[in-house]
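Using the sequences and the hints given, assemble the complete structure.
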Amino acid sequence: MRPVLFILLTVASFCESATHDVTPTGTSFPEWTFGSYDTLFVDKGDNVVFSWSGTHNVHLVSAAASTSCQNIATFPSLSSVSPYVWQASAAGTFYFACSQPGHCAAGMHIQVEVREGTPPANTTSNVVDPGLPSNNTNGTVVDPGLPSNNTNGTVVDPGLPSNNTNGTVVNPGLPSNNTNGTVVDPGLPSNNTNGTVVDPGLPSNNTNGTVVDPGLPSNNTNGTVV
1 MRPVLFILLT
11 VASFCESATH
21 DVTPTGTSFP
31 EWTFGSYDTL
41 FVDKGDNVVF
51 SWSGTHNVHL
61 VSAAASTSCQ
71 NIATFPSLSS
81 VSPYVWQASA
91 AGTFYFACSQ
101 PGHCAAGMHI
111 QVEVREGTPP
121 ANTTSNVVDP
131 GLPSNNTNGT
141 VVDPGLPSNN
151 TNGTVVDPGL
161 PSNNTNGTVV
171 NPGLPSNNTN
181 GTVVDPGLPS
191 NNTNGTVVDP
201 GLPSNNTNGT
211 VVDPGLPSNN
221 TNGTVV
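Those letters in the sequence shown? Residues 1 to 226, by our numbering.
I should point out that these hints are in silico values taken from the structure, not numbers from a laboratory.
Backbone N, C-alpha and C define an ideal beta-carbon position, used for all residues, glycine too.
Check each hint, because a few of them may be wrong.
[What the hints assert, rightly or not] Distance windows between CB atoms, simulated:
(1) A90 with F34: 18 to 24 Å
(2) P83 with G26: 19 to 25 Å
(3) A18 with L60: 17 to 23 Å
So this is what it looks like as structure tokens:
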């Protein structure tokens, strides 16, 4: 049973979420009360705690109701008992207010922005695998516009063209012999990307203004007169 318990504790430690207390602007004491509240930014899975004394409550309202403080009581009531813990189970923008007469107008309304969360990081930076292209997370392309040879600003494979992401051309206008402004294969014509001519008006013997094959006529691209 001990190995199983260890695994459960390990999983629980990685799944631990953060807790955010609703606190009025300009104070350090967490309280759901009269005043004003800055937008609260949390990650998905985090907990938001509303704590109060006296007669208050928490309603999940619309953006318009949060601004106008009208008809708050018609929206879903989350709790009238303190403390109330709301879990951010989905990303998005959420608005909360107190429905007691005059309380919303007195400042008891708050906007909560729930983010998707951040990827895991190592102890020194956010590079978790410098050999993995920066557009890839666990085998899934999360930013196809980012070159696959670049990881957080560092070129990890200069031989890989910057217009190619995991075998898919994401920027056909970028020459395949160029990586982040550096020519990595001067023998490859700059008008050609993975075998496809992307600029037939550019001579195939010329790369970035330098003739790399003087024996090839400048009006010829892959055997075709342009």
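Task: Numbers of the earlier hints that this structure fails to satisfy, in rising order - done: Of the numbered hints given earlier, the structure breaks just one, which is hint 1.
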